[in-house]
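Participant: Per full-length UniProt numbering, the sequence shown starts with residue 1, numbered consecutively.
Since the hints were derived computationally from the structure, they do not count as laboratory data.
The beta carbon of each residue, even a glycine, is placed where N, CA and C say it ideally should be.
Hints may be right or wrong, so weigh each one.
[What the hints assert, rightly or not] As a list, the in silico DMTMM-like pairs of lysine to aspartate or glutamate whose alpha-carbon atoms are at most 20 Å apart:
(1) K188 / E172
(2) K126 / E116
(3) K165 / E154
(4) K188 / D178
(5) K195 / E184
(6) K188 / E176
(7) K195 / E185
(8) K93 / E104
(9) K165 / E176
[Said to hold, decoys possible] Per label pair, the in silico range of CB-to-CB distance:
(10) Q159 / R187: 38 to 44 Å
(11) L123 / Q159: 49 to 55 Å
(12) D130 / Y169: 52 to 58 Å
(13) D157 / E116: 55 to 61 Å
(14) T114 / G153: 56 to 62 Å
(15) G153 / K188: 49 to 55 Å
(16) K165 / E136: 42 to 48 Å
(17) Q159 / E136: 30 to 36 Å
(18) L134 / H96: 34 to 40 Å
(19) S132 / L155: 31 to 37 Å
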Amino acid sequence: MTASKRKNEHVDYVTQELTKMVIVTDIDEKENSCNQDPPPTNQMRTPMERLKRLNAQWGQEGLNTGIINSQLEEKKPFDALDQEIGSIIEDNKIEHELEHSLLEQAEEIQTNLTNEIQQAKNLYRKETSDLSYLSEQLSNFQEQRHNWLKEIGELDDRQRASQEKIALYQAEASQELDMIMDVEEQRKQQVPRLKMTISLFASTTGIKWDFEDPNILSGQVVCFICILYFCFLSHFVTLRYACISRAFVS
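Using the sequences plus the hints, can you model the full thing?
Facilitator: Structure, rendered in structure tokens:
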């Protein structure tokens with residue numbers, strides 16, 4: 001049972017008891033109105049004092065009605081009211097303390113929530129600033145990516161053009177290589193004929209070839225009449241041979 005519910009029940013009980021006492025008090029006042037004078041205005045008693053006075057009068061004079069007397073003896077209106085009022089005051093005190101405690105807890109919770117809200121606002125501002133910075137960085141990266149993709153496309157075009165040129169150059173080089181190989185083959189085919197010609201020329205002119213010399217086209221010319229020989233090199237053969245021929249003829 002909560003304090004508010006107990007309080008309401010106590011109030012109902014006290015109201016019933018006060019109603020009964022007011023009825024009894026009215027009867028007593030009517031009976032004693034002729035014999036008693038009204039109290040002075042400056043000596044008016046409080047409701048609690050009046051209840052005590054009525055209780056004392058009931059104890060001294062007694063009542064002829066058995067039902068009312070038995071109810072008064074069983075419930076003892078003043079003590080019951082005193083207990084009920086004390087219980088109400090105690091409940092009010094407990095309720096006030098509970099309310100005060102709840103208010104303190106509410107203030108503490110409100111303070112904590114205010115701090116948490118402020119922290120959340122600060123965090124939100126920080127995250128908003130970070131998000132703005134990251135969005136700007138993302139825009140820069142996207143722009144750089146677009147530029148790089150453009151450069152990659154240009155490089156791909158240049159690479160394709162270079163590959164086409166390389167294929168063309170390879171075809172031309174292959175043709176040139178075929179021509180070179182044909183020339184070399186022709187030269188190789190002419191070697192036996194050249195050897196025969198040189199051998200015939202050597203036997204006719206008396207030239208002895210020195211094949212161990214680095215300059216292969218070098219040798220000696222023998223003059224049988226003068227019993228002399230001359231050394232020659234490839235780029236001097238024609239000149240010296242011509243001189244020797246003129247000297248031999250003369």
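Participant: Does each hint hold? Answer for all of them.
Facilitator: Evaluated hints:
1. K188 / E172: violated (24 Å)
2. K126 / E116: With a Cα-Cα distance of about 15 Å, the restraint between K126 and E116 holds, given a limit of 20 Å.
3. K165 / E154: holds (17 Å)
4. K188 / D178: Given pair K188, D178 holds - Cα atoms ~15 Å apart, limit 20 Å.
5. K195 / E184: holds (16 Å)
6. K188 / E176: Given pair K188, E176 holds - Cα atoms ~18 Å apart, limit 20 Å.
7. K195 / E185: Holds. K195 to E185 sits at ~16 Å (cutoff 20 Å).
8. K93 / E104: holds (16 Å)
9. K165 / E176: holds (16 Å)
10. Q159 / R187: 38 to 44 Å: Given a distance of about 40 Å, which is inside 38 to 44 Å, the answer is holds.
11. L123 / Q159: 49 to 55 Å: holds (51 Å)
12. D130 / Y169: 52 to 58 Å: holds (56 Å)
13. D157 / E116: 55 to 61 Å: holds (60 Å)
14. T114 / G153: 56 to 62 Å: holds (58 Å)
15. G153 / K188: 49 to 55 Å: holds (52 Å)
16. K165 / E136: 42 to 48 Å: holds (44 Å)
17. Q159 / E136: 30 to 36 Å: holds (34 Å)
18. L134 / H96: 34 to 40 Å: violated (55 Å)
19. S132 / L155: 31 to 37 Å: holds (35 Å)
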